[in-house]
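With the sequences and hints as input, model every part of the structure.
Residues per chain, in single letters:
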Amino acid sequence: MTVMTQGSGGGRSSGSLYDVIELILDRGLVIDVFVRVALLGIEVLTVDARIVVASVDTYLRFAEAANRLDVTASSTPTSLPDLVKEMAGERDGKVPALDGSVVERKGGSR
Amino acid sequence: VTTYVYGFTHASHRLPVDGLVGVGKTAAPLRIVRQHDLAAVVSDAPEGLRAKRRDLEAHARVLETLQAAGTVLPTRFGTLAPDDQAVRAELASRATRYAELLSRMDGMVEINVKAVHREDAVLRDLLRSNEGLRQMNQALRAAGGGDRQAKVEFGEKIAALLEVRRAADGERVVAALRPHASAVSIGPPVDGCFVNASFLVAAPSEDFQAALSRLREEHAELIDLRVYGPLPPYSFVSLDEAAG
Numbered sequence: 002m003t004v005m006t007q008g009s010g011g012g013r014s015s016g017s018l019y020d021v022i023e024l025i026l027d028r029g030l031v032i033d034v035f036v037r038v039a040l041l042g043i044e045v046l047t048v049d050a051r052i053v054v055a056s057v058d059t060y061l062r063f064a065e066a067a068n069r070l071d072v073t074a075s076s077t078p079t080s081l082p083d084l085v086k087e088m089a090g091e092r093d094g095k096v097p098a099l100d101g102s103v104v105e106r107k108g109g110s111r
Numbered sequence: 041v042t043t044y045v046y047g048f049t050h051a052s053h054r055l056p057v058d059g060l061v062g063v064g065k066t067a068a069p070l071r072i073v074r075q076h077d078l079a080a081v082v083s084d085a086p087e088g089l090r091a092k093r094r095d096l097e098a099h100a101r102v103l104e105t106l107q108a109a110g111t112v113l114p115t116r117f118g119t120l121a122p123d124d125q126a127v128r129a130e131l132a133s134r135a136t137r138y139a140e141l142l143s144r145m146d147g148m149v150e151i152n153v154k155a156v157h158r159e160d161a162v163l164r165d166l167l168r169s170n171e172g173l174r175q176m177n178q179a180l181r182a183a184g185g186g187d188r189q190a191k192v193e194f195g196e197k198i199a200a201l202l203e204v205r206r207a208a209d210g211e212r213v214v215a216a217l218r219p220h221a222s223a224v225s226i227g228p229p230v231d232g233c234f235v236n237a238s239f240l241v242a243a244p245s246e247d248f249q250a251a252l253s254r255l256r257e258e259h260a261e262l263i264d265l266r267v268y269g270p271l272p273p274y275s276f277v278s279l280d281e282a283a284g
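From first to last, the protein sequence lines are chains D and A.
Read in order, the letters of the first sequence are residues 2 to 111 in my numbering.
Read in order, the letters of the second sequence are residues 41 to 284 in my numbering.
Hint data in this document are derived by calculation from the structure and do not stem from the laboratory.
Glycine included, every Cβ here is placed at the ideal spot set by N, Cα and C.
Check each hint, because a few of them may be wrong.
[As the list claims (entries may be wrong)] Result set (DMTMM-like, lysine to aspartate or glutamate): computed pairs, CA atoms no more than 25 Å apart in a straight line: (1) A:Lys-65 x A:Glu-87; (2) A:Lys-197 x D:Asp-71; (3) A:Lys-197 x A:Asp-247; (4) A:Lys-92 x D:Asp-33; (5) A:Lys-92 x A:Asp-58; (6) A:Lys-65 x A:Asp-77; (7) A:Lys-197 x A:Glu-211; (8) A:Lys-65 x D:Asp-27; (9) A:Lys-197 x A:Asp-187; (10) A:Lys-197 x D:Asp-58; (11) A:Lys-92 x A:Glu-104; (12) A:Lys-197 x A:Glu-171; (13) A:Lys-92 x A:Asp-77; (14) A:Lys-65 x A:Asp-124; (15) A:Lys-197 x A:Glu-246; (16) A:Lys-92 x D:Glu-65; (17) A:Lys-92 x A:Glu-140; (18) A:Lys-197 x D:Asp-33.
[As the list claims (entries may be wrong)] Some chain A residues close to chain D (C-beta under 8 Å, calculated; not the full set): (19) Arg-71; (20) Arg-74; (21) Leu-113; (22) Leu-167; (23) Arg-174; (24) Arg-181; (25) Gly-185; (26) Val-192; (27) Phe-194; (28) Glu-196; (29) Ile-198; (30) Val-224; (31) Ile-226; (32) Ser-275.
Have a look at this one:
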C-alpha cells in the first residue's frame with residue numbers, strides 16, 4: 002500500500018502515531034455490550050489546544066509575531082500572499098509527550 | 041482472561057496475523073474468532089491495559105495489516121469482551137449489520153487530512169487585508185512593541201480574525217476534497233489545526249490525491265497540509281444506523 006504520510010518519511014513512525022491518535026482512541030467501532038477500558042480521551046488534548054489559543058500568552062505571541070513583520074500600507078493587500086517567500090517556521094512544537102502512558106483520566110470506563 | 045478485540049472482517053479475509061504482535065507487555069499472540077461469514081481478530085487482554093504508546097501502536101499495526109489484505113471494521117482502542125464466546129455471540133447477534141458495514145467498506149480507505157496555517161504567512165495576509173490592524177501594528181512597532189496591555193489587545197484582535205480565517209479556510213479545504221470522497225467525518229482541532237477531517241475514499245483514490253495536490257500547490261505558502269493514510273476506516277464504522 003502507498004503510505005503517503007507527510008513529514009515522517011512514511012511508515013508508522015511515532016510522529017504519525019501521534020497525528021492519528023485521536024482516530025485510534027476516539028473513533029472505531031463501539032460495541033455496547035463490551036467494556037471499554039478507561040483511558041484518556043483525546044478530548045483532553047483538544048480542550049488543551051483551545052485553551053492555548055485563547056490565552057494572554059497567545060495574544061502576546063501573536064502581537065510580537067505581527068510586530069516582526071514589516072507590512073506597510075504600500076504593500077497592497079492581495080487575496081493570497083504572493084510576496085511571501087520566507088517559509089513560516091514549523092508549528093509550535095507543542096507536542097505532548099507520548100512516551101509511556103499518555104494522559105490518564107481518573108474514573109471508570111465510559 | 042478477558043478478550044481484547046481489534047476488529048471484524050469477512051470470514052474470507054486472508055487474516056495475515058501470523059507473527060503480528062498484539063497489545064500488552066508480553067504481546068499476546070492474535071487469535072481469530074469465527075462466526076459463520078464473519079471473523080474477529082482478538083488476543084488475550086493484558087492486565088491493567090492503558091493507552092501506552094506501545095499498545096496504541098500494536099492496535100493500529102494490527103488493523104493496518106488487516107486493512108492492507110482486505111476489509112476490516114476497526115474497533116475502538118481498548119475494547120474488551122468477557123471471553124471469545126461473547127465475541128462469537130456479538131457477531132451472531134448483529135451479523136446482518138456487520139456484513140452490511142463490511143460490504144460498504146469493501147475497497148474503501150480512510151484518509152485523514154489536517155491543515156495548519158503557516159503563522160507568519162497568515163499574519164502577513166491578515167495585516168495586508170486589514171488596514172486598522174496594519175495601523176495598530178505600525179504604531180506598536182514605532183513604540184518599540186508597546187506596553188503589555190496594548191500588545192494583549194492587539195493580539196486578541198489578531199486571534200479573533202485568525203479564528204474567522206480558520207473557519208473560512210477550513211470550509212474551503214473540505215469543500216475541495218469532499219466531492220472526491222464518499223463520506224467525510226470532521227474531527228476536533230487537535231494540535232492547532234484548522235481542519236481535521238477524515239475522508240472515506242475508494243482505493244487507490246487518484247481523484248482525491250489529485251485534489252490534495254492541487255490544494256497543496258495553491259496554498260503552499262499559507263497552509264501546511266498533512267495527510268495520513270490509507271488508514272482503516274476508523275471514522276466510518278458505527279452501529280448507529282443514522283451515523284452509518
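Consistency of the hints with the structure:
1. A:Lys-65 x A:Glu-87: holds, 9 Å
2. A:Lys-197 x D:Asp-71: Within the cut-off at roughly 18 Å; holds.
3. A:Lys-197 x A:Asp-247: violated, 39 Å
4. A:Lys-92 x D:Asp-33: With Cα atoms ~23 Å apart, Lys-92 of chain A and Asp-33 of chain D stay inside 25 Å; holds.
5. A:Lys-92 x A:Asp-58: holds, 23 Å
6. A:Lys-65 x A:Asp-77: Since the Cα atoms of Lys-65 of chain A and Asp-77 of chain A sit roughly 32 Å apart, the hinted pair is violated (cutoff 25 Å).
7. A:Lys-197 x A:Glu-211: holds, 22 Å
8. A:Lys-65 x D:Asp-27: Measuring from Cα to Cα gives roughly 23 Å; hence the hint holds.
9. A:Lys-197 x A:Asp-187: holds, 16 Å
10. A:Lys-197 x D:Asp-58: Holds, at roughly 14 Å.
11. A:Lys-92 x A:Glu-104: The hint holds at about 18 Å.
12. A:Lys-197 x A:Glu-171: holds, 13 Å
13. A:Lys-92 x A:Asp-77: violated, 33 Å
14. A:Lys-65 x A:Asp-124: Satisfied, since the Cα-Cα distance of roughly 21 Å is no more than 25 Å.
15. A:Lys-197 x A:Glu-246: Since the Cα atoms of Lys-197 of chain A and Glu-246 of chain A sit roughly 41 Å apart, the hinted pair is violated (cutoff 25 Å).
16. A:Lys-92 x D:Glu-65: violated, 38 Å
17. A:Lys-92 x A:Glu-140: Roughly 33 Å separates the two Cα atoms, so the pair is violated.
18. A:Lys-197 x D:Asp-33: violated, 45 Å
19. Arg-71: Given a least distance of 16 Å, the restraint on Arg-71 of chain A is violated.
20. Arg-74: violated, 17 Å
21. Leu-113: This hint holds: Leu-113 of chain A lies near chain D, its Cβ roughly 5 Å from the closest one there, short of 8 Å.
22. Leu-167: Holds, about 4 Å.
23. Arg-174: Constraint on Arg-174 of chain A satisfied, holds at 6 Å.
24. Arg-181: holds, 5 Å
25. Gly-185: holds, 6 Å
26. Val-192: holds, 5 Å
27. Phe-194: holds, 5 Å
28. Glu-196: holds, 5 Å
29. Ile-198: holds, 4 Å
30. Val-224: violated, 13 Å
31. Ile-226: Violated - the Cβ of Ile-226 of chain A stays beyond 8 Å from chain D, reaching only about 12 Å at its closest.
32. Ser-275: holds, 5 Å
Violated hints, listed in ascending order, are 3, 6, 13, 15, 16, 17, 18, 19, 20, 30 and 31; each of the other numbered hints is respected by the structure.
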